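Letter by letter, the chains look like this.
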Amino acid sequence: MAPALALIGLFLIFPALWTVYLGMTDYRLTGLAAADPTVVGLENYTSILGDPGFWRSLRLTLVFVLASGVLGQTLLGFSIAWALRRLSGPVKSVVETLVLAAWVVPSSVGAFLWLALLDRRAGTLNALLGTEGTAWLIEHPMAGIVVFNIWVGTAFSMLLFSSALNGVPPSQMESARMAGATAWQQLRDVVLPNIRAHILTNTLLITLWTFNTFTPYLLTAGGPNDESAILPVYIYRTAIPGGQLGMGAAISLIMLLINLVIALASMRVGRERRRRS
Amino acid sequence: MRRTTWGAVAGAAAATLVLAACTGGDPEEPADASEAAEGPVTLTIVTNAISGGKNAAEADWIADWLIPEFESAMEAEGRDVTVVFEAQGVDDEDYKTKIALDLQAGGGADIIGMDGIWVGEFAEAGYIAPLSEVGGSAVDEWDGWEQIPDAVQNALSFDGERYGIPQGADGRVLFYNKTLFAQAGLDEDWEPTSWDEVLDAARALKEIEGVIPIQLNAGTAMGEATTMQGVLPMLVGTGAQVWDEDGWLGGTEELGQVLDLYRTIYVDEGLGDPVLQQEAAGRDTSFAQFAAGEIGILLEGDYFWRSVINPAEGVGTAPMADRDEVVGYTRIPAREPGTGVNGQDFVSMSGGTGRVLNPGSENPELAWELLAFMNSAEAFESRVAGTVSITPRDDVNATVLEGDPMLTYISEEVLPLSSYRPGLAAYPEVSLALQDATASVVAGDPVEDVLAAYTDAVAGIVGDENVNDG
Chain D
0 MAPALALIGL
10 FLIFPALWTV
20 YLGMTDYRLT
30 GLAAADPTVV
40 GLENYTSILG
50 DPGFWRSLRL
60 TLVFVLASGV
70 LGQTLLGFSI
80 AWALRRLSGP
90 VKSVVETLVL
100 AAWVVPSSVG
110 AFLWLALLDR
120 RAGTLNALLG
130 TEGTAWLIEH
140 PMAGIVVFNI
150 WVGTAFSMLL
160 FSSALNGVPP
170 SQMESARMAG
180 ATAWQQLRDV
190 VLPNIRAHIL
200 TNTLLITLWT
210 FNTFTPYLLT
220 AGGPNDESAI
230 LPVYIYRTAI
240 PGGQLGMGAA
250 ISLIMLLINL
260 VIALASMRVG
270 RERRRRS
Chain W
0 MRRTTWGAVA
10 GAAAATLVLA
20 ACTGGDPEEP
30 ADASEAAEGP
40 VTLTIVTNAI
50 SGGKNAAEAD
60 WIADWLIPEF
70 ESAMEAEGRD
80 VTVVFEAQGV
90 DDEDYKTKIA
100 LDLQAGGGAD
110 IIGMDGIWVG
120 EFAEAGYIAP
130 LSEVGGSAVD
140 EWDGWEQIPD
150 AVQNALSFDG
160 ERYGIPQGAD
170 GRVLFYNKTL
180 FAQAGLDEDW
190 EPTSWDEVLD
200 AARALKEIEG
210 VIPIQLNAGT
220 AMGEATTMQG
230 VLPMLVGTGA
240 QVWDEDGWLG
250 GTEELGQVLD
260 LYRTIYVDEG
270 LGDPVLQQEA
280 AGRDTSFAQF
290 AAGEIGILLE
300 GDYFWRSVIN
310 PAEGVGTAPM
320 ADRDEVVGYT
330 RIPAREPGTG
340 VNGQDFVSMS
350 GGTGRVLNPG
360 SENPELAWEL
370 LAFMNSAEAF
380 ESRVAGTVSI
390 TPRDDVNATV
400 LEGDPMLTYI
410 SEEVLPLSSY
420 RPGLAAYPEV
430 SLALQDATAS
440 VVAGDPVEDV
450 LAAYTDAVAG
460 IVGDENVNDG
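So the protein sequences, as listed, match chains D and W. Here numbering that gives the first Met the number 0 is used: the first residue of the first sequence is 0, the next is one more, and so on. Here numbering that gives the first Met the number 0 is used: the first residue of the second sequence is 0, the next is one more, and so on.
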């Protein structure tokens, strides 16, 4: 017990406390405040909460999490799992391999592939659609990173739902079919109630991952003009290239709190559910 | 349970102390500095140059000339010295972040290349120290200083102290494509004397299908290139400077004129490509497009001529085989004749990069020897043998510039007119605010709104009392 707690203390609690402290200073990467940071109390927090850039970033993050994580990855992952559930042989292997490959490829490589696909001058997509000269990532930066993140993360939902679907008792499906239930009715009345726990786990994990992912930076660098600066990117741009380490720590703490709320809320839902069953 | 928790806290605290102890002092540091010179020593150099990429000529020179020459010179003195070059080839902003993080963590190379404009903020942070404090008495005794004019030395100085050795001076001009000019019916020996004449040429170029008439750097994606090759050369053409005795530039009439020019080019008349300057690799793309004959007029430094479009093998990132015939260059006109700073008709901005010593170096005196060696006349002669550039040394310039009309032009016609950025720690942040302002204008925001937002931003950086709203 003690060694485990020591590890948690060292790698989780100490950095968290350090972030709290840094967030209350004007610490910078360069300049006088780098040599001798002063404690400014809650000044960072008031300026963050009064900064339209932060609220825009938070809004973009919510859109990103909802569109690419909760809706995109979950629905697409489930659809693929559902479509493949009774298939076997080469078709299934090919589809699964393709989806998994997107997940397994290192993110820098994946991002490069997408940059090549969407490039303004020599991009594959422009060549296919005959839309030469369209700068996709500048004209539609949010749509770009949403689609990219769905591509990256769908494999997890697919795998999780495949195994969940295997766990649905065949007898229940059989009786539903005998009773003349349509595919939609089977899905709604038999499958979904059986895999509720999986949906919850999947949503929680995906929400947390998507909320914290930095990979879209490789595609758009938060640009143009911060139009795709989701929170992790916004923090990076504030703290490292912007040099405002104290401010970055303060936003990180706000982000940490949002993460905690998501985790606590879903744990609570999980407990309620267990108690009822 | 309670005991376990306390144990954990104590454990964590102890671990933290151990870590602190590790970072506090270097156990391998020799007690006596002369002791270090005896055994084998490794010195490292980092600069934003890489063979086959950015600043390739410098990278190749370090690898092929400097390192072997210095190592054998040391060997002749009976010292076993290895020099390692950490090549980088990234955007200047990323490079700056990298070296700032290196130095903050107490690491980094012994000799670090940096833009002169970063010296102030790095010095204030305590990341770098005056050269003579790091390299010892040999620094002030170096005979090279006599050859480097004070104005050039200032590029790597802060608060009256030398922090590094500059690598030379550069100047900015308008580069233009003579083939496109001929096609548009314009004079190939172009010498515009006002912004209007530049715009007229751009309007004529617009008639050619598939050509971007003029690209004036804008937006935050290009970083300092926007300020140095966009806002500031235009600003000095209105007679204003980003900083003077009255304080930092606020939302003045002069800045309004500059932003109006951006608006004319990108929004009202479509003379430039507003998407290009937002692209992540927009600057490199603008180079490639100019080289491909797709951009008519481009404001750039002489770096563009000698390093980017240089046709010599392995030098340029966007080489133009017919550079000398096709590419013209001309001085940047003031808004109207006589409206430039000091009543000038033509203007330019100059900056300079240089190299500093890492105060955390384990062999600071030897690192200084290497730095001095890198800046000897012999070293510069070898450095500019393939690709001429204006060196910081008068003795070398006297012989090497003769054969190069472009750099002679810069040195004789442009540098005397040139303005410099203020070597103040707040400058990089003000520069970012200027980049933001151009980004908003190009995105279509009204100039008055942008000026107001810019004034607020600057006041937030330097304080209301230091802003000159003219």
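One or more hints might be untrue.
Heads up, simulated SDA-like pairs for lysine to any residue below, C-alpha to C-alpha not over 20 Å straight-line [said to hold, decoys possible]:
#1 W/K97 to D/E173
#2 W/K97 to D/I239
#3 W/K97 to D/P240
#4 W/K97 to D/W54
These are computed hints drawn from the structure, not numbers from a lab. None of the values given here were measured: they were computed from a predicted structure.
Here's how the hints hold up against the structure:
With a C-alpha separation of about 62 Å, the suggested pairing of W/K97 with D/E173 is violated against the 20 Å cut-off. Restraint check for W/K97 and D/I239: satisfied, since their Cα atoms lie roughly 9 Å apart, inside the 20 Å limit. Straight-line distance between C-alpha atoms of W/K97 and D/P240 comes to about 10 Å, which keeps the hinted pair within the 20 Å bound. Distance restraint check for W/K97 and D/W54: the Cα-Cα separation of roughly 29 Å exceeds the 20 Å cut-off, and the hinted pair is therefore not satisfied.
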